[in-house]
Structures are given as C-alpha cells and as structure tokens.
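A.B. asks: If you read the sequences in order, they're chains V and F.
Quick note: the first sequence uses the working numbering, first residue 1, plus one each step.
Quick note: the second sequence uses the working numbering, first residue 1, plus one each step.
Hints are computed from structural coordinates only; laboratory data are not their basis.
Where hints are given, some of them may not hold.
What the hints assert, rightly or not - Capping the alpha-carbon separation at 27 Å, the derived lysine-lysine pairs in DSSO-like fashion look like this:
#	chain 1	residue 1	chain 2	residue 2
1	F	K69	V	K126
2	F	K117	V	K103
3	F	K121	V	K126
4	V	K126	F	K24
5	F	K69	F	K24
Listed below are the residues making up each chain.
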Amino acid sequence: MDCKRFAELVPQYLAGKLGDLDFARMIEHESECEDCQQLAAAEMSEAVVEPQVESDRAQSDWLSETLDRTLGADCEYIETRLAGQIDGVKIDEMMAKHVDDCKSCRMLGRVLAELPQYYEAFPRLKVDRAFVPEIVERTIGRVPGILDVVRALLKRPEALIEGAVACALIAAPFAGDLPAKLMVKIDQAPQTVIQSAHIDDLSSSLDQRIAAANDHFASVSTERRQIIEQEFNDAQQWAHKKYDYITSTDPETGSPTAKAWQWTERALGRTGLIEVDKKKKTNEANKNPDSSSGTE
Amino acid sequence: MKTDEELILECRAGNGASWETLIKRHQDRILNLAYQFTGNKEEARDVAQDIFVRLYMKKDHYLPGKPFKTWFNSLARNLCIDHYRRGVRDRAIVNTPVEEFVHLTADIETTDHRLHKRERKECVQSALRTLGEISREAIVLKDLQGHSLEEVAEMLVIPIGTVKSRVFRARIELGRAIMRLQQTQTQPEGSNGL
C-alpha cells in the first residue's frame, strides 16, 4: 500500500468499515509511515461543524455521531491500537483522551497491557522420560535388548563363554569391578585342557538369568545403556581372543573345555545369576582325576 | 554442535542417534506448542509425539538449504490445527461470540485487578479456550511461542499485514474473554450485573 491509497481509505479506516485485507494493509502501512500516522491523527481531530447532507435525523444526532468518529471515539479503531501496545504501538493524545472517557476501552486497555503477565503465567510443560523412547520406537523401531543379542550369540557354541562374560559385565555396576577380576582369573588358569563339561544345567538357568538382566537393562537410562553396550562390545572382542587361545591348546576336542566352563560358572556365580556349589566342584574333580585342573 | 539442518540430513541417511538428538532438541517446545493449542496435557503429549512421527515420515520432504525450523514449525502447526478441528467436531466446542463482550458496563474498576499467578494462569487458559481457530493460532504462534511476524507469515503463507491484523484482533478477543472471566469471579452469586 502506498501513501496515496492510504489517504483515500483513511475515513473508512477510522470508522472501522474496511474489509480484513485492507484493514490489515492500513495498519501495516501506518506503523511504518510517520506521515500517514500524522494524517490519520489529523483526520481524527477535525471537527465537522455543519452537516453537508440532508438527513431525517436531528442535526444534533448526526453531529454527535460524526464527532464520535472523527474525534478518535471510534472504539474499534482505538481497541486495535491498544492491542498493539505490547508491540510498541503508540497511543496519541487524542486516543488517550478517548480511553480516559470510555469505560469499555479503558478496561480493555488495562487487560491488554497486562497480557504479557498472563502469558508468563501460562504453564510450561516438560517431557517425561518415556517421551523420546516411545517416539523412537514408533519411528526407527525397537532397539534390540541384551536378550536379543545373547540369543543371537547362542547360535554359536562358543557364544556361551562370550555370554558369560557379557552377563558379568552387565552386572558389573552392581558387582563392582567384576570384569577386571574375571579377566585376571582367566589369565591365571592353567592352559592345559582335560575334558568337555556338560553345560545343559548351566545354559537353562543362564537363559532365565539373562532375561532378568535384560529387564533391568531396559530400565536403566540411555546413557548407562550405552556404557554397558560399549563394555559388552569390548568384552566380546576380548572373549574371542581368549577363546581362540583356549581351544588352540586342545586340538582333540575343539570344543569348550572343562576349565572354560569352570570359569563361566565362577563368573556367573559372582554376578549372582547362579549358585556355585564349591563342594560339588571339588567332588567332581576328585572323581575324575583327569578332569582336575592342571593335569598334563 | 550440529545444526538442525545437518541432523535432519543425517536422519535421512539412517542415523538413529541424530534422530534422537533432534527430538530432544525440540521436545519441550513442541510439547508446549501442542499444549497451547489443545489446552489438555494428555492430548498435548499425544499430539507432540504425532508431530515428531510425522516429521520422521516427511523427513525426505525437507529441502536442503532451507531453514529447518520454519519447515518444522509449519508441519507442527498443521498437525495442531488438524487436531483442533477434530476436537471441535468431536466435542462441539462452542466459541463465544466476541460481540457479547462489547462495552461491558459492570463496575469492576473498583476491584483489585492484581491477580495471583495461579489465578492468571487459570484465567488465561480458560480465556484461550474460548477463542476460535484463527485467533487461537495467532496468539499461540506470536505471543506464546514468541515467533516474529515474519516467521508467522512464512509459516501460514499469508502477508505480514494479515498476521498483524489477526494478532491484534485475537488479543482483543482474548482481553474481552479475560474481562468476562474476571467479571464472573467478582460478581456475587445471583447478581445480574445491573
């Protein structure tokens, strides 16, 4: 909109008789053009002394209505200015006088000036802990838990040792520095191999215990989960190396050795996942001298 | 720290960590946007999650080089409006005509207008619920979310002057709704305001 067009529309603008689009354009132009602001203010302050048209209404009524419109008493226009106050729109002297005299505009003006305080009181919400995981699950899918990882590992026979090490690491936050202790124990064990051990009992309780660990894993924070997964990955690599070393010393069986299962049992025992019967271990060792540790 | 534009492009490449980062960066703002539109905390949570799910589904529609926030705000606003319209249809929310509040004459000038924060909170929430779709949107985007007129105009794809006009009229409507609520609170029971 340019100033010429603005000047043409001022009377209708002040009377609040413009359509939405023109009204909006007038407001925008007036807020940016000082000349047009002064023009609008001047139009408002002009008093019509004599009626120029014939009317059935009494001259005094007509004069009063015209004065209302031209002396800034048109409430709709004034209210629009009041609504812009919090954005820095100025109220001139004529409008201020109207506001002083008009109860409705005065009350509305007071509330409009206080709007920032009302907005400040509007509650500010925070998301809960489940908000992000639920969105992630709905979008990129469920994040695999430890149980899924362990089941995948169990498809390989050597995965049981890796699973034991992983369980030990998961329980590390509760069992202290278990991974470090486990590694020290395995390093210290003799390198000779005696016989394979049955691990059926071990594996069934392992499944149950892993399920319990998985449930707990799901409840820890994302940051903690990342740490545990990193430890698990590190342990996995370490276990691979160790397992290769162990089986390389038993060319006949080529399968997990008694010593390896003993280490597994001990590690799980430390995590609290299973009960380790120390007497049973000793008796078995005595019954089968060939299976005892350190036999050449 | 990566920009939103970098994160959304990494999401498109399948980076789950980037997706999570993007959600966390905008989660509170989007939740509050949804709350300001719906007025209900449970609904707001659902709407906010739907907004992120839609963002993920539409991530390939983002044009690299354009401001991510503008595009995302527009997407969020559209979903809020859709939800609002469904709510109006389902709950038959009645919008009180503005004309009803014109020229209130009850003598509330003598009452103490300084309300406690909690009263203001209840007052503004109730008043906002009485606004129509266009007025509510104007108040939420400009005054509550704090976007500039240019940003709102870009979001709604309308001229800045129209935004300004809508905002001013919405404030008047809101102000009158607040006045009506204050009048209801200050009038003794049984009074007809005369």
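A.B. asks: For each hint, tell me whether it holds in the structure or not.
C.D. replies: Verification of the supplied hints:
no. : hint            : in the structure
1   : F:K69 / V:K126  : holds, 20 Å
2   : F:K117 / V:K103 : holds, 26 Å
3   : F:K121 / V:K126 : holds, 17 Å
4   : V:K126 / F:K24  : holds, 11 Å
5   : F:K69 / F:K24   : holds, 14 Å
Checked against the numbered hints listed earlier, the structure breaks none of them; every hint is satisfied.
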